[in-house]
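Taken in order, these protein sequences are the chains called A and B.
Sequential numbering from 2 applies to the first sequence in my numbering.
Sequential numbering from 2 applies to the second sequence in my numbering.
Incorrect hints may appear among the rest.
Pairs involving identical chains hold if they fit within one copy or between any two copies, as the list cannot separate such chains.
As a list, the in silico SDA-like pairs of lysine to any residue whose alpha-carbon atoms are at most 25 angstroms apart [what the hints assert, rightly or not]:
no.	residue 1	residue 2
1	K104	A162
2	K254	A280
3	K262	L200
4	K104	N138
5	K141	T117
6	K226	A47
7	K21	A162
8	K57	Q10
9	K302	A75
10	K302	Y51
11	K254	A311
12	K254	I293
13	K141	A121
14	K196	E69
15	K216	A25
16	K196	A162
Since the hints were made in silico from the structure, they are not lab data.
Number of protein chains: 2
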Amino acid sequence: MTARVLDGQSLAARMQEEIKPEVAVFTQQHGRPPGLGIVLAGNDPASEVYVGHKVKAGTSAGFRVDLERLPATASLADALALVRRLNASPDHDGILVQSPLPKGMGRGAEQAVFDTIDPAKDVDGFGASSVGLLVQNRPKLVACTPWGVIQLLERENILIAGRHAVVVGRSDIVGKPMAMLLLHRDATVTICHSKTPNLPEVCRQADILVAAVGKPGLVTRDFVKPGAVVIDVGINRVTDATTASRLYPAGHKRLALFQSKGSILVGDVHPEVEDVAGALTPVPGGVGPLTITMLMANTLKAARDRLALAG
Amino acid sequence: MTARVLDGQSLAARMQEEIKPEVAVFTQQHGRPPGLGIVLAGNDPASEVYVGHKVKAGTSAGFRVDLERLPATASLADALALVRRLNASPDHDGILVQSPLPKGMGRGAEQAVFDTIDPAKDVDGFGASSVGLLVQNRPKLVACTPWGVIQLLERENILIAGRHAVVVGRSDIVGKPMAMLLLHRDATVTICHSKTPNLPEVCRQADILVAAVGKPGLVTRDFVKPGAVVIDVGINRVTDATTASRLYPAGHKRLALFQSKGSILVGDVHPEVEDVAGALTPVPGGVGPLTITMLMANTLKAARDRLALAG
């Protein structure tokens, strides 16, 4: 048995195409495109890549995307001032601050910046108000990654209600909002984490298993009930040969890729799980692309909601 | 085997005594007591009883408690105006709006009123901002009932970290905040509800089982792993003899009480569970009294935090 591949990449592309005409209509009606301001402080290489994807996806869908850069030496006050300027800007409907912020901004800088974003423009859904509204099942702007997972499950006609969903990982960005979204769709939900003593056993109960911990190949065959739906949220860059060869057998094309490039992106789910699961998201090409598409969907929603309130 | 009784009543009394001198110090330092404004619209008999308890507990601990009444015919606008006046009042540190509001205020009236309460004064912890801060594990004011359960577990030295906690019920007021509080104390947490197909089986996994559904005696012996800690959040008034005699055997003193009074308060946990559980909160006298004590603790905290910010 081989798991059905849940192709997030092509769903993301499809949804991106669905959004384009809606963006065009908005632009025509309001005389300006929906606008996204992205704050990038410093020049972390991974952040540059992520932000590049966001700018490209947004621009190609017809959004105005402004990349607002701050030097790595910028202070927290500089970041807050920039966010306040974007809050006040009539042309920006969404604001995204790329994590991580430079260490020099101090501990808690990210949350301080997220808290300063106008809740109406909080397209990452990381502010306290956005989170509270989600938990109370009256969401406005939902964190993009778990929201993308829900889109994928629903478009793939995977039944959520009455199923047991197990979420591994309790981050603010994925684990906790994911649990709430599944709960509100009538799943029984278990949240596991690093302090869960019998992790494989708990995970084996899952009809829907979501792995969001950032540990390459943590979820092995023994974590998975045969036929379960497995969602792999992890995106981990593996640079050591030991880990790579733990994940792929000799001769596997991904191992060959690792050997030629010196690094490879892998998920939290071990590739052997495809022999047990009923359906599985690949890494790359699963949840990742949907995250960016949901950012676009959130920005369009924020734009419409703002103008509806204003109008 | 008979479960250890987790005596919420006496813990509540003890905590109330601990709060008194702190209230006195606050009053001396600031020239006024910490103040709580309670909004009561209409004259629902149960609400009158609950509010009466809150006024009494607060007053006897040295708080200023103002009961602000609205007639049953009051509009939502009237309620919002009253909340705004309390928001602006320098003498009120906490605001509580008693549920349910009169039906005439329309659907969603409660949430609209809760959303209007200044987050700094949200001593019930029902506003979106309070909920978001709790979920992000940086709580300010936490919903009183689940917060009381945590106090009880901690004061009774019941280990939470590494245990499997199962919460039955997913309300905004108890189930969801309870799950988050247990998660942040390193429990593995499962949330069940009316759509959970195999409820007894899921509950039997619990080291700590919290029942918060409002169904008399739902949690029977077969829901409980021997030795588990069982927290009964339900407070249900039983008025029919069939239910009463399903819960208590002939000759039981609680059944006799029912027969003489015509009604009786029971929890969500069937009394037979005391033969299986390791520890159990009684109803009445378990979680209920702690809810009011936590309201006092929250009001004192809100008062201190407000003056710290102002000062």
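Going through the hints against the structure:
1. K104 <-> A162: This pair counts as neither: shortest intra-copy Cα distance 42 angstroms, inter-copy 31 angstroms.
2. K254 <-> A280: within (21 angstroms within a copy, 56 angstroms between copies)
3. K262 <-> L200: Result: close neither inside a copy nor across copies, 33 angstroms intra and 50 angstroms inter.
4. K104 <-> N138: between (35 angstroms within a copy, 21 angstroms between copies)
5. K141 <-> T117: both (17 angstroms within a copy, 17 angstroms between copies)
6. K226 <-> A47: Result: close neither inside a copy nor across copies, 34 angstroms intra and 48 angstroms inter.
7. K21 <-> A162: neither (31 angstroms within a copy, 48 angstroms between copies)
8. K57 <-> Q10: within (15 angstroms within a copy, 61 angstroms between copies)
9. K302 <-> A75: neither (31 angstroms within a copy, 35 angstroms between copies)
10. K302 <-> Y51: Within. Shortest intra-copy distance 22 angstroms satisfies the 25 angstroms Cα cut-off; inter-copy 41 angstroms does not.
11. K254 <-> A311: neither (54 angstroms within a copy, 63 angstroms between copies)
12. K254 <-> I293: Classified as neither: same-chain Cα gap 27 angstroms, cross-chain 63 angstroms, threshold 25 angstroms.
13. K141 <-> A121: Both, since 8 angstroms and 22 angstroms are each at most 25 angstroms.
14. K196 <-> E69: neither (39 angstroms within a copy, 46 angstroms between copies)
15. K216 <-> A25: neither (40 angstroms within a copy, 52 angstroms between copies)
16. K196 <-> A162: between (27 angstroms within a copy, 7 angstroms between copies)
Going down the numbered hints, you'll see the structure goes against 1, 3, 6, 7, 9, 11, 12, 14, 15, while the others check out.
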